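Asks: This is what each chain is made of:
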Amino acid sequence: MKLTNEDVQEILQLLDATPYDELHLETERFKLTLRRNRDSGDWTQESQVLSAPNVLRTSPAGTAALAAEAATAESSARPADAKKAGWIEVRAHLPGTFYRAPNPGAPPFVEIGSHVEEDTVVCTIETMKLMNAVHAQARGEVVELCLENGQLVEKGAVLMRIKPGAP
Amino acid sequence: MILRRILIANRGEIAVRVIRTCQRLGIETVLAASEADLDSMAARLADRTVCIGPANSSASYLNIEAVVAAAVASEADAIHPGYGFLSENPRLAAACERVPVIFIGPTVELLDAVGDKLKARAHAAAAGLAGVPGGEIQSLPEAQRIADEIGWPILIKAVGGGGGRGMKHVHEPGKLAAAMELATAEAQAGFGDPRLYLERFISHGRHIEVQVVGDGEDVIHLGTRDCSIQRRYQKLVEEAPAPNIRETLREEMQRAAVAFARHLNYRGVGTVEFLVDSDRDTFYFLEMNARIQVEHPVTEVICGVDLVEEQIAVAESRTLRWKQDEIRFTGHAIECRINAEDCAHDFRPSPGKVTRAVFAAGQGIRVDTHIQAGAMVPPQYDSLLGKLIVHGKGRPEALQLMRSALANVEIDGVITNLAMHTALMNNNEFSDGGVNTSFFPRFLQNGKKEAA
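From first to last, the protein sequence lines are chains A and B.
Sequence positions in the first sequence follow this note's numbering and run 5 to 171.
Sequence positions in the second sequence follow this note's numbering and run 13 to 464.
Don't read these hints as lab results, they were simulated from the structure.
Predicted model, so just to flag it, every value in this text is computed and none were measured.
Even for Gly, the Cβ is constructed at its ideal location relative to N, Cα and C.
Careful, some of the hints might be misleading.
Below, simulated DSS-like cross-link-like pairs (lysine-lysine); rule was C-alpha separation at most 27 angstroms, straight line [stated by the list, open to error]:
1) B/Lys-247 <-> B/Lys-335
2) A/Lys-35 <-> B/Lys-365
3) A/Lys-133 <-> A/Lys-159
4) B/Lys-247 <-> B/Lys-405
5) B/Lys-187 <-> A/Lys-133
6) B/Lys-131 <-> A/Lys-133
7) B/Lys-247 <-> A/Lys-133
8) B/Lys-131 <-> B/Lys-247
9) A/Lys-35 <-> A/Lys-6
10) B/Lys-365 <-> A/Lys-159
11) B/Lys-247 <-> B/Lys-461
12) B/Lys-365 <-> A/Lys-6
13) B/Lys-460 <-> A/Lys-159
14) B/Lys-405 <-> A/Lys-133
15) B/Lys-247 <-> B/Lys-187
16) B/Lys-460 <-> B/Lys-187
17) B/Lys-247 <-> B/Lys-460
18) B/Lys-247 <-> B/Lys-365
19) B/Lys-335 <-> A/Lys-133
One side only, chain B facing chain A, incomplete, derived with CB under 10 angstroms [stated by the list, open to error]:
20) Ala-54
21) Ala-369
22) Val-389
23) Asp-394
Chain A with its partners taken away, still in its complex shape:
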């Protein structure tokens, strides 16, 4: 049996006529909690589909995700040496896909050796379909690029390092 929205509406109508303020229902397939707010009389619903997904694996994928995990691990393993050298880390302010150029085929925003100002766009991170510009937030020279174009990044991952100073 699958629980439908119509079922929930019907259960609510039945409950409305009773003195009960709470109903818990749990089967192998779903969990449903209905609660009545004593003040407003409004109902709320907390439900969970518990049935396990019946997954058929047909394509050998997963390498990309693993590579991305490795990248995050690698880039976060090295900041200690970088800090010693006084380099400034440019970090991802949100998770997403790292892009070095504004569009495929275009020249990258920056290369190793590029001079950047605080407001220079150094890369973009595509998160939830939006392109988010990443600014250098430091004046200096790009000395290290930590990721490949198109890699997934976690929030806070180090994207590149900048050696502060005037050109």
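Chain A is already provided as a structure; the job is to place chain B on it using the hints.
Replies: For chain B alone, kept in the frame of chain A given last:
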């Protein structure tokens, strides 16, 4: 042909939504999911789930070969593409024809005719509809020339676009080059087509659309929806019917939408989008969306029609099951899109793991969501968590219902835009009804000032 097994090539709330109608109709469901969604609510509800690739959508949800291969491997009769991703991609529809497997949506020719926004504008003109002044731009000097001709400010749009992505509002010639570059990038990334066109920007416009259903011969409409509450061309609140418009104007828009769809011999569900120029008391054709739309529930609740069921019926080559005069409009519906976004920080996306999800329930309340405790909101996809839809006898009742429904939603683990919706539902100007697209940015700006 009766469809017995449907492959759903989508994710999130729309995948759940399509599965629910299939289950009600006794149709088996196979979900085509990326690795990031193998444990999603849709995967738990579907009879079977096929992994079509890694989380990155270009390798999974946008991968035509993978989607078609999944349909073949699971012996599905048809593919439901949902919205976004491949939903309006003529290459998927063409690939389906070759298998063959039924594509639940318009024909290749129709997708091509309306998906290319320039062709759609030409068809609209042929059907007697006025479009917003503008044209294709292939170079900066050309864009400059057309913009000067039609007058500033202007709006840059993706020829292959939709859903507001790749659109840029440009106030002055100096900003044109940068806007074109960004729009080209987003158009290429989002639609695989970098072409752009521009239109005059109408500042006091209302975004009103008409839902249509066609069977290839006959076309009916299911009334208007107002989608004027948008931030950066992303809709956040929709309602049906469009409030406070001259009834004769509404009828003209409905007639125009049907005329356009008939001119195309439209087949499937679709939406004809108009921009209503309140100052001039007239409307312009914007584009047609050849898919089920995010905001379709507001139409469903006031008409009592299940649009996914109608899509399936048309895909089964049946003639329209409703006559125009059998469509009755009852009451008023409002939808709030609940997104994982931090409104206090410029609507920054907030992916993560949902630890608790409580929704409003009861008479007049519908929740379309894929979110439950433990659900992941991956960073690779859009931020929609679900849609809260209310249906009242009239607009004031619907507003009141939405206010209390919003108060009863609790989502923990990710940041949501619930507070913004609550503030909007309590705003006098919005409550009066009929705001144009300039209202919402002003509302957000005022909210910021108050917070400061």
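Asks: With reference to the structure, classify each hint as holding or not holding.
Replies: Going down the list of hints, with the structure as the test:
For the given pair, B/Lys-247 sits about 30 angstroms from B/Lys-335 by alpha-carbon distance, which is inconsistent with the 27 angstroms threshold. A hinted pair counts as satisfied when its Cα atoms are at most 27 angstroms apart, and A/Lys-35 with B/Lys-365 qualifies at roughly 19 angstroms. With a CA separation close to 16 angstroms, the supplied pair A/Lys-133 and A/Lys-159 stays within the 27 angstroms bound. Only pairs whose Cα atoms come within 27 angstroms are accepted, and B/Lys-247 paired with B/Lys-405 is accepted, the gap being roughly 24 angstroms.
Restraint check for B/Lys-187 and A/Lys-133: satisfied, since their Cα atoms lie roughly 23 angstroms apart, inside the 27 angstroms limit. Among the hinted pairs, B/Lys-131 with A/Lys-133 is consistent with the structure: their alpha-carbon atoms are about 26 angstroms apart, no more than 27 angstroms. Taking the CA atoms of B/Lys-247 and A/Lys-133, the gap is near 14 angstroms; set against the 27 angstroms cutoff, the hint holds. Only pairs whose Cα atoms come within 27 angstroms are accepted, and B/Lys-131 paired with B/Lys-247 is accepted, the gap being roughly 24 angstroms.
With a C-alpha separation of about 11 angstroms, the suggested pairing of A/Lys-35 with A/Lys-6 holds against the 27 angstroms cut-off. Distance check on the hinted pair: B/Lys-365 and A/Lys-159 sit about 14 angstroms apart at the alpha-carbon level, within 27 angstroms; holds. Restraint check for B/Lys-247 and B/Lys-461: satisfied, since their Cα atoms lie roughly 23 angstroms apart, inside the 27 angstroms limit. A C-alpha spacing of about 25 angstroms is found between B/Lys-365 and A/Lys-6, which places the hinted pair at or below 27 angstroms, so the restraint holds.
A threshold of 27 angstroms between alpha carbons decides the hint, and for B/Lys-460 with A/Lys-159 the separation of about 25 angstroms falls inside it, so the pair holds. About 37 angstroms separates the Cα atoms of B/Lys-405 and A/Lys-133, which puts this hinted pair outside 27 angstroms; it is violated. For a cut-off of 27 angstroms, the pair hint linking B/Lys-247 to B/Lys-187 stands: about 25 angstroms separates their Cα positions. About 25 angstroms separates the Cα atoms of B/Lys-460 and B/Lys-187, which keeps this hinted pair within 27 angstroms; it holds.
Distance hint between B/Lys-247 and B/Lys-460 is fulfilled; the C-alpha atoms sit about 20 angstroms from each other, no more than 27 angstroms. The straight-line distance between the Cα atoms of B/Lys-247 and B/Lys-365 is roughly 24 angstroms, inside the 27 angstroms bound, and the hint therefore holds. Between B/Lys-335 and A/Lys-133 the CA atoms are separated by roughly 39 angstroms; this puts the pair beyond 27 angstroms, and the hint is violated. At a threshold of 10 angstroms, the smallest CB-CB gap from B/Ala-54 to chain A is about 9 angstroms, leaving the interface hint in force.
Below 10 angstroms, beta-carbon pairs count as interface contacts, and B/Ala-369 has one with chain A at about 7 angstroms; its hint therefore holds. With its C-beta approaching chain A no nearer than about 9 angstroms, B/Val-389 sits inside the 10 angstroms limit, and its interface hint holds. At a threshold of 10 angstroms, the smallest CB-CB gap from B/Asp-394 to chain A is about 5 angstroms, leaving the interface hint in force.
Hints 1, 14, 19, counting from the list given before, are not met by this structure.
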